[in-house]
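With these hints in hand, go ahead and build the complete structure from the sequences.
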Amino acid sequence: MRSTKHGSDSRKYFDWLEIAARDLLAARILIERKQCLDIAGFHCQQCIEKALKAYLIDRTGTLVDGHNLTWLCRQAARHNTYFKHYMEETAKMNRLYIETRYPSDIDLHLNSESIGKIYDTAKELYEFVCDEVYDGEADEDD
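Taking my numbering, the leading residue of the sequence shown gets 124, the next gets one more, and so forth.
No lab work stands behind these hints: they were computed from the structure.
Some clues are possibly wrong.
With a Cα cut of at most 27 Å, we get these calculated DSS-like pairs of lysine-lysine [stated by the list, open to error]:
1) K215 - K240
2) K240 - K207
3) K215 - K246
4) K157 - K246
5) K207 - K246
6) K207 - K135
Below is the structure:
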(Lines of atoms letter the chains of each structure in order from A and count residues from 1; the text may use other names and numbers.)
(Lines give C-alpha, C1' and ligand atoms only; values in the text may rest on other atoms or scores of the structure.)
Protein backbone atom coordinates (compact mmCIF):
# COMPACT_ATOMS: atom_id res chain seq x y z
CA MET A 1 0.00 0.00 0.00
CA ARG A 2 1.10 3.54 -0.54
CA SER A 3 0.01 7.10 -0.18
CA THR A 4 -2.76 7.92 -2.58
CA LYS A 5 -2.22 9.76 -5.82
CA HIS A 6 -5.90 10.63 -6.09
CA GLY A 7 -5.78 14.40 -5.83
CA SER A 8 -9.54 14.70 -5.42
CA ASP A 9 -9.80 12.49 -2.31
CA SER A 10 -10.13 14.53 0.85
CA ARG A 11 -7.26 14.53 3.29
CA LYS A 12 -9.56 15.72 6.08
CA TYR A 13 -10.27 12.91 8.52
CA PHE A 14 -13.70 14.29 9.40
CA ASP A 15 -14.82 13.99 5.76
CA TRP A 16 -13.91 10.30 5.86
CA LEU A 17 -15.72 9.80 9.17
CA GLU A 18 -18.86 11.45 7.78
CA ILE A 19 -18.97 9.06 4.84
CA ALA A 20 -18.17 6.13 7.16
CA ALA A 21 -21.17 7.14 9.29
CA ARG A 22 -23.36 7.05 6.17
CA ASP A 23 -22.10 3.57 5.33
CA LEU A 24 -22.94 2.43 8.86
CA LEU A 25 -26.43 3.92 8.58
CA ALA A 26 -26.94 2.26 5.18
CA ALA A 27 -25.89 -1.08 6.68
CA ARG A 28 -28.34 -0.69 9.55
CA ILE A 29 -31.19 0.04 7.12
CA LEU A 30 -30.26 -2.79 4.74
CA ILE A 31 -30.04 -5.36 7.54
CA GLU A 32 -33.83 -5.12 7.79
CA ARG A 33 -34.17 -6.74 4.35
CA LYS A 34 -33.03 -10.36 4.19
CA GLN A 35 -32.22 -10.11 0.49
CA CYS A 36 -29.85 -7.19 1.22
CA LEU A 37 -27.61 -8.77 3.88
CA ASP A 38 -24.67 -8.98 1.47
CA ILE A 39 -25.01 -5.29 0.60
CA ALA A 40 -25.22 -4.47 4.31
CA GLY A 41 -21.96 -6.39 4.75
CA PHE A 42 -20.34 -4.33 2.01
CA HIS A 43 -21.35 -1.11 3.76
CA CYS A 44 -19.92 -2.43 7.05
CA GLN A 45 -16.63 -3.11 5.26
CA GLN A 46 -16.72 0.37 3.76
CA CYS A 47 -17.42 1.95 7.15
CA ILE A 48 -14.37 0.26 8.64
CA GLU A 49 -12.15 1.10 5.67
CA LYS A 50 -13.07 4.78 5.80
CA ALA A 51 -12.82 4.98 9.60
CA LEU A 52 -9.33 3.46 9.53
CA LYS A 53 -8.29 5.83 6.75
CA ALA A 54 -9.64 8.74 8.81
CA TYR A 55 -7.61 7.60 11.79
CA LEU A 56 -4.45 7.30 9.69
CA ILE A 57 -4.99 10.73 8.15
CA ASP A 58 -5.39 12.17 11.64
CA ARG A 59 -2.24 10.49 12.92
CA THR A 60 0.03 10.79 9.87
CA GLY A 61 -1.42 13.51 7.67
CA THR A 62 -1.32 11.04 4.78
CA LEU A 63 -4.17 9.39 2.92
CA VAL A 64 -3.33 5.80 2.00
CA ASP A 65 -4.62 3.81 -0.95
CA GLY A 66 -6.19 0.40 -0.62
CA HIS A 67 -9.13 -1.54 0.69
CA ASN A 68 -7.39 -4.24 2.74
CA LEU A 69 -8.82 -3.83 6.23
CA THR A 70 -6.14 -5.95 7.85
CA TRP A 71 -3.36 -3.83 6.36
CA LEU A 72 -5.14 -0.61 7.37
CA CYS A 73 -5.69 -1.98 10.87
CA ARG A 74 -2.02 -2.95 11.14
CA GLN A 75 -1.03 0.60 10.16
CA ALA A 76 -3.39 2.02 12.78
CA ALA A 77 -1.94 -0.36 15.39
CA ARG A 78 1.43 1.34 14.92
CA HIS A 79 -0.14 4.37 16.59
CA ASN A 80 -2.45 2.60 19.04
CA THR A 81 -2.02 -1.09 19.85
CA TYR A 82 -5.73 -1.41 20.69
CA PHE A 83 -6.36 -1.81 16.96
CA LYS A 84 -4.73 -5.25 17.21
CA HIS A 85 -8.00 -6.41 18.80
CA TYR A 86 -9.64 -5.97 15.40
CA MET A 87 -7.09 -7.86 13.29
CA GLU A 88 -8.95 -11.17 13.18
CA GLU A 89 -12.33 -9.61 12.42
CA THR A 90 -10.96 -7.29 9.75
CA ALA A 91 -9.27 -10.26 8.07
CA LYS A 92 -12.67 -11.96 7.80
CA MET A 93 -14.36 -8.79 6.58
CA ASN A 94 -11.93 -8.30 3.69
CA ARG A 95 -14.06 -10.73 1.68
CA LEU A 96 -17.02 -8.37 1.95
CA TYR A 97 -15.37 -5.83 -0.35
CA ILE A 98 -15.52 -7.87 -3.56
CA GLU A 99 -17.64 -10.93 -2.91
CA THR A 100 -20.72 -8.97 -1.87
CA ARG A 101 -20.78 -7.00 -5.11
CA TYR A 102 -20.00 -9.60 -7.75
CA PRO A 103 -21.13 -13.19 -8.35
CA SER A 104 -18.92 -15.63 -6.48
CA ASP A 105 -18.54 -19.38 -6.30
CA ILE A 106 -17.78 -19.07 -2.58
CA ASP A 107 -20.78 -18.49 -0.32
CA LEU A 108 -20.19 -15.95 2.42
CA HIS A 109 -22.86 -17.63 4.59
CA LEU A 110 -24.33 -14.31 5.66
CA ASN A 111 -27.43 -14.52 7.80
CA SER A 112 -29.09 -12.21 10.31
CA GLU A 113 -26.82 -13.37 13.13
CA SER A 114 -23.53 -13.12 11.23
CA ILE A 115 -24.35 -9.75 9.68
CA GLY A 116 -25.42 -8.51 13.12
CA LYS A 117 -21.96 -9.35 14.47
CA ILE A 118 -20.29 -7.71 11.48
CA TYR A 119 -22.40 -4.59 11.99
CA ASP A 120 -21.58 -4.50 15.72
CA THR A 121 -17.86 -4.73 14.95
CA ALA A 122 -18.10 -1.95 12.35
CA LYS A 123 -20.01 0.27 14.77
CA GLU A 124 -17.58 -0.43 17.61
CA LEU A 125 -14.51 0.30 15.49
CA TYR A 126 -16.11 3.44 14.02
CA GLU A 127 -16.95 4.75 17.50
CA PHE A 128 -13.45 3.92 18.74
CA VAL A 129 -11.89 5.90 15.89
CA CYS A 130 -14.23 8.83 16.55
CA ASP A 131 -13.27 8.80 20.23
CA GLU A 132 -9.59 8.69 19.32
CA VAL A 133 -9.58 11.52 16.80
CA TYR A 134 -12.06 13.83 18.50
CA ASP A 135 -10.69 13.27 22.02
CA GLY A 136 -7.24 13.83 20.57
CA GLU A 137 -8.37 17.25 19.36
CA ALA A 138 -9.48 18.19 22.86
CA ASP A 139 -6.13 17.07 24.29
CA GLU A 140 -4.22 19.19 21.78
CA ASP A 141 -6.23 22.29 22.72
CA ASP A 142 -5.42 21.98 26.43
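Now for the hints, and whether the structure bears them out:
no.	hint	result
1	K215 - K240	holds (12 Å)
2	K240 - K207	holds (18 Å)
3	K215 - K246	holds (16 Å)
4	K157 - K246	holds (20 Å)
5	K207 - K246	holds (16 Å)
6	K207 - K135	holds (24 Å)
Violated hints for the displayed structure: none, as all numbered hints are satisfied.
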